[in-house]
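**Student:** Spelled out, the chains give:
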Amino acid sequence: MDLSINLEEYKMAFLRNAWYVAALASEVGPVELFHRKILNTSVLIYRKQNGEAVAMRDRCPHRFAPLSMGKRDGDDVICHYHALRFDCTGKCTHNPHGNGHIPKAAQVETYPLVEKYGFLWIWMGEQAADLDLLPDYSPLDDGPPSGIGYTHMHMKANYQLIIDNVMDLSHIDHVHGEAISTRGQLSPIVPEVKETERSVFARWDWKQTPPIFVLSHFLPKPTEEARHFFTVEWMPPANIQLSVGGAQGDTPFEEGVGAYDLHTTTPETETTTHYFFATRRNHMVDDEDFNQMKLKAMRDAFELEDGPIIRADEEEMEGQEFFDLNPVLMSNDIASVKVRRVLARLMEAERQQAQKQQTPAQAQPLAAAG
Amino acid sequence: MDLSINLEEYKMAFLRNAWYVAALASEVGPVELFHRKILNTSVLIYRKQNGEAVAMRDRCPHRFAPLSMGKRDGDDVICHYHALRFDCTGKCTHNPHGNGHIPKAAQVETYPLVEKYGFLWIWMGEQAADLDLLPDYSPLDDGPPSGIGYTHMHMKANYQLIIDNVMDLSHIDHVHGEAISTRGQLSPIVPEVKETERSVFARWDWKQTPPIFVLSHFLPKPTEEARHFFTVEWMPPANIQLSVGGAQGDTPFEEGVGAYDLHTTTPETETTTHYFFATRRNHMVDDEDFNQMKLKAMRDAFELEDGPIIRADEEEMEGQEFFDLNPVLMSNDIASVKVRRVLARLMEAERQQAQKQQTPAQAQPLAAAG
Amino acid sequence: MDLSINLEEYKMAFLRNAWYVAALASEVGPVELFHRKILNTSVLIYRKQNGEAVAMRDRCPHRFAPLSMGKRDGDDVICHYHALRFDCTGKCTHNPHGNGHIPKAAQVETYPLVEKYGFLWIWMGEQAADLDLLPDYSPLDDGPPSGIGYTHMHMKANYQLIIDNVMDLSHIDHVHGEAISTRGQLSPIVPEVKETERSVFARWDWKQTPPIFVLSHFLPKPTEEARHFFTVEWMPPANIQLSVGGAQGDTPFEEGVGAYDLHTTTPETETTTHYFFATRRNHMVDDEDFNQMKLKAMRDAFELEDGPIIRADEEEMEGQEFFDLNPVLMSNDIASVKVRRVLARLMEAERQQAQKQQTPAQAQPLAAAG
Chain A
0 MDLSINLEEY KMAFLRNAWY VAALASEVGP VELFHRKILN TSVLIYRKQN
50 GEAVAMRDRC PHRFAPLSMG KRDGDDVICH YHALRFDCTG KCTHNPHGNG
100 HIPKAAQVET YPLVEKYGFL WIWMGEQAAD LDLLPDYSPL DDGPPSGIGY
150 THMHMKANYQ LIIDNVMDLS HIDHVHGEAI STRGQLSPIV PEVKETERSV
200 FARWDWKQTP PIFVLSHFLP KPTEEARHFF TVEWMPPANI QLSVGGAQGD
250 TPFEEGVGAY DLHTTTPETE TTTHYFFATR RNHMVDDEDF NQMKLKAMRD
300 AFELEDGPII RADEEEMEGQ EFFDLNPVLM SNDIASVKVR RVLARLMEAE
350 RQQAQKQQTP AQAQPLAAAG
Chain B
0 MDLSINLEEY KMAFLRNAWY VAALASEVGP VELFHRKILN TSVLIYRKQN
50 GEAVAMRDRC PHRFAPLSMG KRDGDDVICH YHALRFDCTG KCTHNPHGNG
100 HIPKAAQVET YPLVEKYGFL WIWMGEQAAD LDLLPDYSPL DDGPPSGIGY
150 THMHMKANYQ LIIDNVMDLS HIDHVHGEAI STRGQLSPIV PEVKETERSV
200 FARWDWKQTP PIFVLSHFLP KPTEEARHFF TVEWMPPANI QLSVGGAQGD
250 TPFEEGVGAY DLHTTTPETE TTTHYFFATR RNHMVDDEDF NQMKLKAMRD
300 AFELEDGPII RADEEEMEGQ EFFDLNPVLM SNDIASVKVR RVLARLMEAE
350 RQQAQKQQTP AQAQPLAAAG
Chain C
0 MDLSINLEEY KMAFLRNAWY VAALASEVGP VELFHRKILN TSVLIYRKQN
50 GEAVAMRDRC PHRFAPLSMG KRDGDDVICH YHALRFDCTG KCTHNPHGNG
100 HIPKAAQVET YPLVEKYGFL WIWMGEQAAD LDLLPDYSPL DDGPPSGIGY
150 THMHMKANYQ LIIDNVMDLS HIDHVHGEAI STRGQLSPIV PEVKETERSV
200 FARWDWKQTP PIFVLSHFLP KPTEEARHFF TVEWMPPANI QLSVGGAQGD
250 TPFEEGVGAY DLHTTTPETE TTTHYFFATR RNHMVDDEDF NQMKLKAMRD
300 AFELEDGPII RADEEEMEGQ EFFDLNPVLM SNDIASVKVR RVLARLMEAE
350 RQQAQKQQTP AQAQPLAAAG
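Chains A, B and C supply the protein sequences, listed in that same order.
Quick note: the first sequence, position 15, residue 14 per numbering that gives the first Met the number 0, numbers continuous.
Quick note: the second sequence, position 32, residue 31 per numbering that gives the first Met the number 0, numbers continuous.
Quick note: the third sequence, position 48, residue 47 per numbering that gives the first Met the number 0, numbers continuous.
Everything labelled a hint here was simulated from the structure, so no lab data went into it.
Identical chains share a label here; the pair holds if one copy fits it or two copies do between them.
DSS-like cross-link-like pairs, simulated, lysine-lysine; straight-line CA separation at most 30 Å:
id, residue 1, residue 2
1, Lys103, Lys337
2, Lys47, Lys90
3, Lys103, Lys193
4, Lys90, Lys36
5, Lys155, Lys36
6, Lys90, Lys337
7, Lys193, Lys115
8, Lys70, Lys293
9, Lys90, Lys103
10, Lys115, Lys293
11, Lys70, Lys206
12, Lys295, Lys70
13, Lys220, Lys295
14, Lys103, Lys70
15, Lys115, Lys90
Taking the hints into account, I'd like the entire structure generated from these sequences.
**Tutor:** Dropping the structure here:
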């Protein structure tokens with residue numbers, strides 16, 4: 000396995016040493032060879048017979064056929080073209096040709112894969128996978144399956160445009176319909192923003208009468224004033240926890256109605272993105288029909304309302320960098336701009352780290368010459 | 000508004016300081032937000048409540064969403080993404096976010112737009128729009144609406160290939176059908192050609208029996224000999240007046256039958272073009288059915304007869320410059336080659352002018368060093 | 000005709016001074032103007048009135064319209080755009096414009112074309128066409144028309160991936176179905192390989208019970224053991240003779256059953272290929288229904304079984320050179336790797352030859368300066 004660092008990859012605007020969602024856990028069945036392109040690379044994902052999911056490069060090192068075109072045999076995968084067999088560590092275990100000698104280079108690159116919170120998380124960076132970098136999204140696990148919806152969408156846009164969209168909720172009154180309208184109250188709010196080395200958080204608080212439609216029916220007095228909040232919290236590389244809540248009278252938000260979502264984007268290429276999300280709620284949690292209806296409404300909001308604008312932005316930007324286009328920035332951009340800056344800093348640090356590892360020998364004489 | 004000159008644009012084979020047809024006047028309704036890409040730039044066109052059409056860049060300076068996805072409010076346009084409002088001068092007049100402060104940079108570039116002769120003419124160059132550079136096409140206005148037809152076609156070819164086609168009418172016997180056949184008489188004629196600093200004119204005169212089919216029925220003796228002429232006159236950037244006439248006996252052409260067309264091409268990109276034309280005639284001018292029939296015949300001639308050849312030329316040229324391919328030139332190419340040369344001279348002058356404005360400071364020391 | 004050498008073409012991974020199949024002889028009817036893109040160039044092929052096929056660049060030297068859009072007149076072709084007429088040597092024989100003067104440059108590049116073995120072979124290189132470089136494929140001619148099938152397929156892959164596929168028959172047990180299964184016996188064999196300056200040959204010999212399905216019914220004892228062989232022999236640029244045979248008892252292969260195929264690939268572009276093949280057999284040679292069935296089975300095997308893998312390889316290779324991707328090489332790759340090396344050596348020799356012819360003048364002073 001070639002472990003040298005490909006500096007070309009560091010010119011891409013992706014953080015590499017991070018956990019990305021590779022797939023919904025439900026997308027990968029017990030026997031199938033699942034293919035997905037992630038960070039410009041074809042990835043094969045499948046479940047071992049014990050159910051554990053594994054990931055490797057979806058490319059045979061012999062003639063470059065996708066292994067996902069091949070077949071399973073136990074926990075191994077057999078290339079469709081010339082029947083080289085690989086185990087789930089990417090090691091070639093059988094060569095049916097000639098004397099059966101297995102060349103040392105017959106090794107497929109594998110990627111750490113973790114199943115958690117209903118997603119399969121993949122680590123494609125060169126540094127050792129670090130489970131501490133997978134944040135705690137345990138609210139997703141807190142409740143019955145009929146109280147949570149998962150989805151995957153494919154978008155023709157750079158993933159950062161989607162992060163922008165979710166981190167700046169001021170758009171919802173302008174882009175979306177009645178269901179999540181704040182009746183113009185959200186835009187004037189300058190959200191409370193908190194930033195750390197590896198996160199950006201924003202919170203909006205407001206009151207409205209009647210309450211926001213998606214929650215109103217589950218509040219004690221559906222037509223009377225409610226207090227509301229939205230929070231979003233981004234963590235690298237591209238994961239946003241989004242909470243919405245409503246409460247009336249003296250009821251604290253903790254006892255009110257609300258939902259907790261995880262929005263994550265996984266770059267397929269520089270201009271196409273896998274958009275995953277999960278939405279967990281604390282009301283009607285046992286109603287599977289309601290669950291499906293709500294999930295469909297959220298998908299539609301994204302695909303039919305946000306999606307066309309984001310794709311149009313991508314086209315108008317014509318491949319240029321966001322800040323190079325001198326965007327007009329306003330108070331509602333604070334959180335999304337902070338995310339872009341933290342992410343750029345992390346990517347730059349990663350690039351410098353990769354460069355340093357690449358050229359220790361060459362760096363030495365230059366320093367000594369000083 | 001950034002008024003600095005983008006030198007990249009001067010590498011494109013477009014004249015920029017010139018009037019292009021942006022749309023047929025009839026294409027832009029009273030309330031719609033009309034989008035068209037012109038000279039590689041997305042343009043929004045709409046009519047104010049008083050009917051006056053205005054044009055601006057179809058891109059919000061905030062997040063680059065196309066303004067044409069937004070909505071009208073009076074003479075203003077409201078961006079669909081975050082509801083920034085712009086007046087028809089491109090000035091941001093309302094920001095619903097935070098304290099409502101409007102950043103100075105929240106300004107959309109606008110383009111002078113003139114409605115004349117049934118077209119909307121746009122000026123996208125950096126120099127001041129000069130109405131004197133819009134030639135007199137008043138014959139288009141001379142007659143009832145049922146005596147003129149307008150159309151817009153989209154072509155997958157560079158605009159200069161379309162100009163070549165119209166400036167060299169020798170092709171009509173070979174490409175088109177009976178309706179405008181000269182029965183081989185046009186090709187042997189070396190047209191009379193006149194050239195000025197900003198125009199190229201060509202005229203063909205011939206006789207034929209029976210007269211050219213499109214005019215024959217409106218001549219006194221439809222089966223007997225007629226005198227005919229074609230004239231074409233190109234003016235920058237891409238406008239060609241084309242006249243055809245027929246007369247019999249001693250009747251002067253002024254009293255004969257004929258038509259006056261304006262053919263104009265507006266580059267969408269280097270390889271795609273908006274082709275507009277208008278055709279005014281002096282016969283059957285009150286017959287709207289005939290008008291529609293004639294317009295359809297002209298559209299069909301272009302789309303089904305010229306169009307496929309021009310697209311094939313574009314493909315065979317594989318992005319190379321026309322003269323770089325060492326074309327064989329013949330007598331019938333005189334007018335179209337002169338147009339290419341005048342246009343190249345005007346584009347080069349414009350490029351040099353832009354370069355001069357860009358680099359006065361750097362130019363000085365170099366000169367002084369001599 | 001411009002005979003100077005375009006060095007750009009030598010950067011392409013095509014051998015130029017070689018015979019490629021331009022078309023099946025049956026593809027070009029007696030009157031049609033047949034278009035095909037070969038080695039990145041549009042080619043016109045048509046048959047003279049005496050049936051002889053000729054080839055020339057499918058591009059009028061005047062305005063670059065494809066001549067195949069035009070019409071035939073005797074053995075000449077007339078451009079559709081301005082009716083320039085060219086004879087079958089590419090010479091302009093009529094210009095209907097002005098005084099009819101024919102510019103010296105009005106000459107279309109022609110290509111030597113030879114009809115042999117049921118194919119039209121084209122030579123597009125700058126050196127003189129050399130018939131000695133067209134190998135002897137006369138077994139194709141040996142038998143009735145109902146004993147041979149021809150086909151043309153278009154593939155979205157570089158032609159060398161298709162050569163790889165045919166030169167390494169070890170894939171057949173893994174990719175194809177029952178009809179040509181050796182039941183796993185082929186892969187363990189290290190084929191006998193012979194290489195010359197301009198050819199690579201490989202042979203596999205084995206026994207199986209029952210015999211290989213496509214031949215078993217034509218052997219004396221269809222369910223009993225048979226001896227089998229496969230041979231492939233590549234010659235430049237991209238032609239592979241493939242033979243398969245079976246015999247039982249003491250019967251020599253010459254008296255057994257078998258088939259002789261010619262597989263040839265003609266690059267359309269660097270990433271698309273025309274794949275031609277012919278298959279001649281020594282059994283059921285008078286049965287036209289069987290002939291059609293067998294041809295369909297072979298087409299399906301390629302299009303539905305090999306094709307998807309080869310296209311997937313092309314995509315996974317992302318435009319990179321095969322050896323640059325450090326492929327794992329095994330015993331079954333011997334023949335295909337040898338072909339890649341011989342071909343690379345021939346292409347490099349051709350490139351150096353072209354460079355030498357281009358710059359004799361410049362090379363001299365440099366040498367003298369030493």
